[in-house]
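Respectively, the protein sequence lines represent chains A and B. Using UniProt numbering, you'd call the opening residue of the first sequence number 1 and step up by one each time. Using UniProt numbering, you'd call the opening residue of the second sequence number 1 and step up by one each time.
Keep in mind that the hints were calculated from the coordinates and are not lab data. The structure displayed is predicted, hence computed values, not measured ones. Mixed in with the good hints, there may be bad ones.
[What the hints assert, rightly or not] Derived pair list, reagent style EDC-like, types lysine to aspartate or glutamate, alpha-carbon separation capped at 20 Å: (1) A:K417 x B:D121; (2) A:K412 x B:D118; (3) A:K399 x B:D41; (4) B:K13 x A:E214; (5) B:K122 x B:E70; (6) B:K62 x B:E98; (7) A:K434 x A:E253; (8) B:K60 x A:D58; (9) B:K2 x A:D379; (10) A:K417 x B:E138; (11) B:K56 x A:D379; (12) B:K60 x A:E377; (13) B:K122 x B:E11; (14) B:K68 x A:D379; (15) B:K68 x A:E380; (16) B:K62 x A:D379; (17) A:K366 x A:E253; (18) A:K417 x B:D61; (19) A:K388 x B:E138; (20) A:K388 x B:D38; (21) A:K40 x A:E8; (22) A:K412 x B:E70; (23) B:K60 x A:E386; (24) B:K68 x A:E415; (25) B:K68 x A:E223; (26) B:K62 x A:E373; (27) B:K60 x A:D379; (28) B:K56 x A:E223; (29) B:K60 x A:E380.
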Amino acid sequence: MANYFNEEFETLPRAALEALQLKRLQATVARVYANVPFYKQSFDAAGIKPEDIKSLADLQRLPFTTKQNMRDSYPYGLFAAPMEEIVRIHASSGTTGKPTVVGYTQKDIETWSELMARSFMAAGAHKGDIIHNAYGYGLFTGGLGAHYGAEKLGASVIPISGGNTKRQIMIMQDFGSTVLTCTPSYSLYLAEEAAAEGVDIKSSKLRVGIFGAEPWSEAMRGEIEANLGLDAIDIYGLSEIMGPGVAIECIEEKHGLHIWEDHFIPEIINPETGQPVAEGEKGELVITTITKQGIPLIRYRTRDITSISYAPCACGRTHGRIARMSGRSDDMLIIRGVNVFPSQIESILVRIEGVEPHYLLIVDRKDNLDTLEVQVEVDERIFSDEIKVLQTLSRQIEKEIKDMLGVTCTVKLVEPKTIQRSEGKAQRVRDNRKL
Amino acid sequence: MKVEQISIFIENKSGRLAEITRILGEAGINIRALSLADTSDFGILRLIVNEVEKAKAVLKDKGFTVSKTEVVAVEVPDQPGGLSTILQALDRDNTNVEYMYAFVERCGGNAVIIFRFDETDKAIATLTANNFNILAGERLYSM
């Protein structure tokens, strides 16, 4: 059985791949300069014209794009295609209550579907597989991204989405699912629930699991593979760039994620200086999209920390491999697949209490599910002599966080000065997850 | 007619009560009555002390969150049904008791109960009209 969805492009020799990248980069730069006022201004400010891009190295002369730029352009300001050509809109959570919005043309959807189909193939899935897609369907790119890719591949896709775990286990067994797509923590939760139901998920037909949307580790891979009896594959993506399927591990090596370089140009930079780091060195992943029409992004700062290797791979793909994400260069937390910035929680606390509170976010993983505890210091401004007033306050904070961010948390009221201050500034996050 | 009580926020972790009583003891403050309300995560310690402002200051100085609340101290006949007569009188006037606890010392032959009402003045009027004896703060702090 063929291992590639698009053998020609997946195995393109580096020289040809880089020539293609340059051609596509030049076209993208010219298009955003002509169609997106933000890019015209930022290129002009940097004193660079589209025709100055004569080699891939010239990419480094272009200014970065940040999530803040996207927020400032909310909702459609960075779109490079007219709205009548946009056929799909997705969004991810933002820090100020306003999401980051992306739009796709018909061609973008086709590209995304192909890259997801390639990713499925690289992970060891193929036509004939029954793909149990437990990523959430909605504004989040996970569900629909995997769905379209699975259809493009020619597999049978079960659009089960998230939640209702008992029903998932029943359907998985009865429908004979062979491939599972969900967050890594949910896969372990599924396995546990199955065991509790007396179902031996290891003897199910599941063969491959494609897991992403939250950070995980090699240790967790071992646990997932042991508990579910499948090959666990890491997938990477972000809605700003496309969604799932930006990069994928191949089942041959399971060592680094091939980033589809005929559509994206990756760079690894020092997040402090913005300068490139050497191959293999850790830094922040910066991605330039070179085929996107709806919202092409130039040098987008993903804030994800990784490294890149161009060493040949056993699978034969020539596309560089990024290492498993090892952290963030900002304070964003990923809790059960949901992006959470401490500033979002802070603004909720300020709104409820009317004052700037001292708080600490404690993230942990219990029974394979991420947990969030919000510790809030009780000072005289919120202290009440009555238990019920304080309990109501806790519940109100929990509810607002759930409503605004979609994350369940527990609020713990603590004594003043319990939360450590360093140099006068409070430490806002403690991530106890062993990844 | 009202008595000043201090309330202190404490986390449910070991040593907090010991810490508070140590601070007060070292400041020469005498605890006249106390009650502890708690949940699984936190508690509220309520104290009647002989020097209210000083107690509040030393605890705040040590980083505790402290508030002052007005409560009412009522003499209760130390006999079966004594407390019940007070509560019935309050109930007839629809006065809510937020919480209550017993004072350590007796006043003459009577027990003393500390009440926290949501409508303190209304409660005092009810108690006075029903001829219950309300103890003044000064009297209580020095008992």
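Next on the checklist: For K56 (chain B) and D379 (chain A), compute the direct alpha-carbon distance and say whether it is at most 20 Å.
Outcome noted: With Cα atoms ~14 Å apart, K56 (chain B) and D379 (chain A) stay inside 20 Å; holds.
Next on the checklist: What's the verdict on K122 (chain B) and E70 (chain B), does the C-alpha distance respect the 20 Å limit or exceed it?
Outcome noted: Judged against 20 Å, a Cα distance of about 13 Å means the pair holds.
Item to check | Satisfaction of hint between E415 (chain A) and K68 (chain B), Cα-Cα up to 20 Å | outcome: Holds, at about 17 Å.
Next on the checklist: Need the status of pair K417 (chain A), E138 (chain B): alpha-carbon distance at most 20 Å?
Outcome noted: Roughly 34 Å separates the two Cα atoms, so the pair is violated.
Next on the checklist: Given the hinted pair K40 (chain A) and E8 (chain A), is their Cα-Cα distance within 20 Å?
Outcome noted: Roughly 35 Å between the alpha carbons, so the hint for K40 (chain A) and E8 (chain A) is violated.
Next on the checklist: Hinted pair, alpha-carbon criterion (20 Å max): K13 (chain B), E214 (chain A). Please report holds or violated.
Outcome noted: Roughly 34 Å separates the two Cα atoms, so the pair is violated.
Checklist entry - Holds or violated: K434 (chain A) with E253 (chain A), Cα cutoff 20 Å? => result violated, 24 Å
Checklist entry - Can the restraint linking K399 (chain A) and D41 (chain B) be considered satisfied, given a maximum Cα separation of 20 Å? => result holds, 18 Å
Next on the checklist: What's the verdict on K366 (chain A) and E253 (chain A), does the C-alpha distance respect the 20 Å limit or exceed it?
Outcome noted: violated, 30 Å
Checklist entry - If you draw a straight line from the CA of K62 (chain B) to the CA of E373 (chain A), is it 20 Å or shorter? => result violated, 26 Å
Checklist entry - Taking only the CA atoms, is the gap from K412 (chain A) to E70 (chain B) under or equal to 20 Å? => result violated, 27 Å
Next on the checklist: Hinted pair, alpha-carbon criterion (20 Å max): K56 (chain B), E223 (chain A). Please report holds or violated.
Outcome noted: violated, 54 Å
Consistency with the previously given hints fails for numbers 1, 2, 4, 6, 7, 8, 9, 10, 13, 17, 19, 21, 22, 25, 26, 28, ordered from lowest to highest.
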